[in-house]
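One letter stands for each residue in the lines below.
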Amino acid sequence: MRLPPASRATLLVVALCSSGGALLGQVAGGTEGSELERSGRFAQAADFYLAILRADPANPTALLGLERVLPPLNRLPELPPLAERAVALRPGDPDLEGLLVRVWVTLNFADSARGVAERWSRRDPGDPAPYRELALALEDQGAFEAARAALVTARASAAQPDAFAVELGQLDARAGDWEGAARDWVRALRARPGLIANATGLLATAPVVRRPAVLSVLIETEGAAGPAARRLAADLLLTWGDPSRAWTVIEPTVRAMSDETTDALRHFADVAGAAGTASAWRARGLALSREADLADLASPAVSARTRADAGRAFLEAGDLVAARGEFERVEADSAAPLEAQQLAAATLISALVADGRLDSARTRLEHAGQLLTTDQRTALQLEIAQGWIRVGALDRADSALGDDSSLSVVAEHGWIALYRGDLARARALLGAAGPYAGDRRDVTGRAAMLALIDQISDDELPALGQALLALMKGDSARAVPALRAVAGRLPPAAGRADVLLLAARVAAHLGEDGERTAATLCADIMQAAPAGAAAPAAELLWAELLEREGATALVVEHLEHLILTYPESAVVPEARRALERARGAIPRS
Amino acid sequence: MNRRQFVRALGGAGAWALVQPRGLVLGAGGGSLLIPMDDQQTDHLKAYGLVYRGVQSGLASEWFLNYRGGSFLIDDTDAIRRDAALAGVALQSVGPDALAAIRGEIAATNADSVPLEKAPRVAVYVPPNQPPWDDAVTMALQYAGIPFEKVWDVEVIGGALAHYDWLHLHHEDFTGQYSKFYLLYAGAPWLADMVRVNTEAARRLGFRTVPDLKKAVARAIREFVRGGGFLFAMCAATETIDLALAAEHVDIAASYASGTPIDPGADAKLDWSQTFAFTGAHIEPNPLIASFSDIDGHQVNAPGRRQPLGAFTLFNFSAKIDPVPSMLVQNHRQVIPDFYGLTTSFLRTRLKPSVTVLGDEEGAPWVKYIHGDLGQGTWTFFGGHDPEDAQHQVGDPPTDLSLHPHSPGYRLMLNNVLFPAAKKRELKT
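First to last, the protein sequences are chains A and B.
Just so we're aligned, residue 1 is where the first sequence starts under our numbering, counting upward by one.
Just so we're aligned, residue 1001 is where the second sequence starts under our numbering, counting upward by one.
In case anyone wonders, no lab produced these hints; they're calculated from the structure.
Note that CB positions come from ideal geometry on N, CA and C, so glycine has one too.
Check the hints yourself; a few may be wrong.
[To be verified] Partial list, derived from the structure: chain B residues whose beta carbon lies under 10 Å from chain A:
#	residue
1	Ala1085
2	Arg1305
3	Gln1307
4	Leu1401
[What the hints assert, rightly or not] Lysine to any residue pairs mimicking SDA-like chemistry, simulated, CA-CA at most 25 Å apart:
#	chain 1	residue 1	chain 2	residue 2
5	B	Lys1423	B	Ser1318
6	B	Lys1352	B	Asp1322
7	A	Lys473	A	Arg583
8	A	Lys473	A	Arg581
9	A	Lys473	A	Gly402
10	B	Lys1269	A	Val443
11	B	Lys1150	A	Arg583
12	B	Lys1352	B	Ser1318
13	B	Lys1150	A	Glu35
14	B	Lys1150	A	Arg38
15	B	Lys1118	B	Gly1310
16	B	Lys1150	A	Ala585
17	B	Lys1320	B	Asp1360
18	B	Lys1150	B	Thr1109
19	B	Lys1118	B	Lys1269
20	B	Lys1118	A	Val443
21	B	Lys1150	A	Asp359
22	A	Lys473	A	Val443
23	A	Lys473	A	Ala585
24	B	Lys1352	B	Gln1307
25	B	Lys1423	B	Asn1331
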């Protein structure tokens, strides 16, 4: 026999009542009712929930169900008496009281809602929930002013000027009263300084035209709120891209040593460092320099390290003078740990190299004397030599390396020979350096270059040296045609495809035109030298170019072709990984 | 022609198409292919996907239990060879004589052959939000190329499990306490999102609280197993689904989740006749300790109780007598390094007598990997979060399985996926 839904609901309620399972009743009622709701049968769902309430008048699941299904039936006015009865049975139950508040607000009876909230609040005077629920309900209806008024009244009656500061701060912002929001957040910070990140997150969205007023409130209320308001203002200025002013705002609050000051400076430095602009790096440098000054007496070692960090921040900002000042202080500080002094000296020399002042760098390296370790000296010699290579002064690069016999220096001499086009000497020196000089990237780069020039039978090929030197100097646009020209002069089986592949790899990083060139070169390589090692590598590069275009189907097609055609190629594992990524089988890294 | 058109045009119809695949030996159909699962296999995890897809496409295949690490035999077709080449899975062509020799060896040793008949329809229970931790099984399925669908509370309550054969539970907390991270990670956006999603689901489905919803979901999952479903759970889902089932009539959730404090007499009111695996456990009442009960032996988030990681050993079952547990432990390694999870292991004293232990740590009071029957279906619980990230922390990046293609821990998960494909036959134990 198939019963109509209402009869089934009644039977179910009777069965549940007789089994006495209140929880079971809630769950079963919930699932049956929600099934009816899901199928859009709101009237039947309402009947079902009303049947449950007849057996259990304070059943919150049924009441919440009615709160959902009665509005579309235009029958919400039926709910208040039921909810009132439930509250009378279970006074102070937050679910039921909250529901009653919401229903009255939805029905536009704000006074009744307020009355419920007041009665609820009287039962538990310390509980902020009644007014919070009222304010949220009003907010949901778009009655922001009424919500705010409710909270202001609640604050006054609680005689706590900072009560509901967070809620009011959010409401003020939502209503467009950004100055009011700033004032309320200052109040909130007074009680809970840890809320500064929340305050920043909210106030940061203030429209550009209102930002000066917000800052004015924060900076002028320093006396009332303590340094937290200024620090909030500094955070906002960092977020709004004005790190210089941010520093001037926070600076008066970080003049005396304390844990709080250190935390504030560290936070400021971290936020500024994350911004990544030159002025933000400078602000970070200023904050770290101040931290180093304050820590100087208490902990000289910490101070020296922090000062070295400040120096690096100034370097990032391009402020070589300020960086030099910090590093020189570390270098001259006899109390500084040796590694901090070494770091300062080395960073200064590196900075000079980066600035193109290679002679000054060499002089300073000579003066640094025994302060630096042998490894540090060698690394700086290499940096200086590479600086000379970048400006095309290969003889000076050779001379900067001196007669050091370390493998890194041997490798660098090999590169210099290569840039001169002396392939025979380059093969010998790069081969002698083997896999032992430099980091993994250096080793890989050297091995790849050796593999390339081993294909070429010539011992002297100045045009290739010039092309590779252009590449080293970062002149990729010149390098690509130069490499293509060199390739054109090589026999097909003697390095032509490999040189073209190098050209294609460089071109792939040169924007739209470069990508077009790279794709053409890949096609040429695959057609002209399908049997060599360059062909699968070219196809992999081609797939990468297609991936950039979002042509996933073609990427998959190419990679499958590569794997099936060249199963012995060294690039197959990489191709398989790319294929898995294209298919979404592994996370994108 | 702009760059996009140019690169695509060149890529789609270029000269590359002239270069025909020469690495793949095609046209060798008719015989059989052995997919070795010992150390000769080049990608153990993808091998499972290959077999799954083969079974799905109707190829005859067998699982050689205890033969070369649990190898597979499958029809030799061009499609399967191509699939294997792309996936990097090692294959061996097997002629009639070689196959006869293999069958002879299987007959003479502790090995057996199980036909694989039907690729199971796979569902993964996963929340719609993005929790800051990954799910090992989801990653294993994606990596192996085994298709699956996602279900969550709405689908489970709505009866959608009837459409699937196999269900994996993401790292859900079925006690409804948000993995007990509510207080520890208060203010974290991901937690706020998790609370919002769960609260909305509870409200939408007509439940008063999230714990009430999760209890109903746990019951629906138990009915799925009773009706013949295969359940595989890891990490916290193992422990909490049993706690939720035992706590049908008692509040075991902290007040932040249920609105009321934990019933002080909860331990005594738990009904263990309703659970899959565990019995007699005690609830962890402290909301600041991310531990649910004393089922877990390692208690990774309980200061003072945390136990160090060791290694667990898989049991060697008789393939001919106990094919089901044998399938679940097929591996090329018998001893596997342990790994933490919100629930890492299961105390022996908390196991029901009917539970089959598949893997344990010798001499330790806990076990790692367990299995059992319920009604017409079966369940398997595996402690821990990620076999290749033993200390996985909230917010850590997902594991890249292409770096762990031979992971013995992940193999155990994939054994579970293929196990429902095995042809049913009467078990001898």
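Evaluation of the provided hints:
{"no.": "1", "hint": "Ala1085", "in the structure": "holds, 6 Å"}
{"no.": "2", "hint": "Arg1305", "in the structure": "violated, 30 Å"}
{"no.": "3", "hint": "Gln1307", "in the structure": "violated, 30 Å"}
{"no.": "4", "hint": "Leu1401", "in the structure": "holds, 6 Å"}
{"no.": "5", "hint": "B/Lys1423 with B/Ser1318", "in the structure": "holds, 18 Å"}
{"no.": "6", "hint": "B/Lys1352 with B/Asp1322", "in the structure": "holds, 19 Å"}
{"no.": "7", "hint": "A/Lys473 with A/Arg583", "in the structure": "violated, 38 Å"}
{"no.": "8", "hint": "A/Lys473 with A/Arg581", "in the structure": "violated, 34 Å"}
{"no.": "9", "hint": "A/Lys473 with A/Gly402", "in the structure": "holds, 22 Å"}
{"no.": "10", "hint": "B/Lys1269 with A/Val443", "in the structure": "violated, 67 Å"}
{"no.": "11", "hint": "B/Lys1150 with A/Arg583", "in the structure": "holds, 18 Å"}
{"no.": "12", "hint": "B/Lys1352 with B/Ser1318", "in the structure": "holds, 22 Å"}
{"no.": "13", "hint": "B/Lys1150 with A/Glu35", "in the structure": "holds, 21 Å"}
{"no.": "14", "hint": "B/Lys1150 with A/Arg38", "in the structure": "holds, 20 Å"}
{"no.": "15", "hint": "B/Lys1118 with B/Gly1310", "in the structure": "violated, 37 Å"}
{"no.": "16", "hint": "B/Lys1150 with A/Ala585", "in the structure": "holds, 16 Å"}
{"no.": "17", "hint": "B/Lys1320 with B/Asp1360", "in the structure": "holds, 22 Å"}
{"no.": "18", "hint": "B/Lys1150 with B/Thr1109", "in the structure": "violated, 41 Å"}
{"no.": "19", "hint": "B/Lys1118 with B/Lys1269", "in the structure": "violated, 42 Å"}
{"no.": "20", "hint": "B/Lys1118 with A/Val443", "in the structure": "violated, 51 Å"}
{"no.": "21", "hint": "B/Lys1150 with A/Asp359", "in the structure": "violated, 65 Å"}
{"no.": "22", "hint": "A/Lys473 with A/Val443", "in the structure": "holds, 20 Å"}
{"no.": "23", "hint": "A/Lys473 with A/Ala585", "in the structure": "violated, 39 Å"}
{"no.": "24", "hint": "B/Lys1352 with B/Gln1307", "in the structure": "holds, 23 Å"}
{"no.": "25", "hint": "B/Lys1423 with B/Asn1331", "in the structure": "holds, 20 Å"}
Figure legend: structure checked against the earlier numbered hints; hints not met, in rising order: 2, 3, 7, 8, 10, 15, 18, 19, 20, 21 and 23.
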